[in-house]
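Just so we're aligned: the sequence shown equals residues -33 to -1, 1 to 194 in mature numbering (1 follows the signal peptide of the UniProt record, and there is no 0).
What the hints contain is simulated information worked out from the structure, not anything from laboratory work. Be aware that a few hints might be false.
Said to hold, decoys possible - With a straight-line Cα cutoff of 25 angstroms, these simulated PhoX-like cross-link-like pairs (lysine-lysine) come out: (1) 171 x 137; (2) 176 x 194; (3) 65 x 29; (4) 82 x 181; (5) 176 x 129; (6) 122 x 111.
Said to hold, decoys possible - Taking CB as the label site, the calculated pair distances span: (7) 127 x 90: 19 to 25 angstroms; (8) 179 x 138: 20 to 26 angstroms; (9) 38 x 97: 52 to 58 angstroms.
For every residue, glycine included, the Cβ atom is placed at its ideal position computed from N, Cα and C.
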Amino acid sequence: MKIIATRRKIFFAFIALMISFSVLFLPTNKAFAATTYKMTTTADVNIRTTDNTKGKIIGLYKKGTTVTFTAKTKNNWYKTTYKGKVGYVSGKCVTTYKAPVATTQSFAALNNEAKKHIGKRYKMGATGPSCFDCSGYTQYVYSKGIKKSIPRTAKQQYASAKKIKASELKNGDLIFFNYGKGIAHVGIYVGNGKMLNAQNNGVKYDTIKSGYWKKYIAGYGRVTNLK
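Start from the sequences, fold in the hints, and give me the full structure.
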């Protein structure tokens, strides 16, 4: 009986020992986040099968493409997956991604800038801030008010803008005028049938619902969606 009891003790001790070892080596739920690299290509760059120029080319990222790479090799190449295949891109052709700077795309911001210049004199070819011509004024206001770049001349601004109907006109849209020889004047619509523009009498409000300006309206354009 003593022998049986001893054997039982040995057996249970062995079982306990095995359980202890199994607990030590069981997988845990603790996850370790892999390092990733969000980069933007600085040139057209080949994607290769190995992390050197001897690797076979399997694709290409155009300049300005943003890619999240899953690893970086010792010789400065970045690992990616391209069309289901593992590939590598040279670190010489990428730079750390920078998120675009947020801008205040609101009519209030645009209008505040536009009103600052009321009363300033008109001068052909002037782009501000002491004096303006018509398109120099709209370009300056958009740039300073909401950091939106638009072309220099009224004709160019008309060509680049999204054409809209009179019924679609919103505050901040551009109004274009033609005196008979093509687009020659531009103003900023500010609501209630009025625009702010730089004309012969300087920067001022003018109505577009009637009178002189109404008969020369050539069209309306939107260069950005303002809130």
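Now for the hints, and whether the structure bears them out:
no.: 1; hint: 171 x 137; verdict: holds, 19 angstroms
no.: 2; hint: 176 x 194; verdict: holds, 24 angstroms
no.: 3; hint: 65 x 29; verdict: holds, 17 angstroms
no.: 4; hint: 82 x 181; verdict: holds, 22 angstroms
no.: 5; hint: 176 x 129; verdict: holds, 22 angstroms
no.: 6; hint: 122 x 111; verdict: holds, 21 angstroms
no.: 7; hint: 127 x 90: 19 to 25 angstroms; verdict: holds, 24 angstroms
no.: 8; hint: 179 x 138: 20 to 26 angstroms; verdict: holds, 22 angstroms
no.: 9; hint: 38 x 97: 52 to 58 angstroms; verdict: holds, 56 angstroms
In summary, this structure violates none of the numbered hints.
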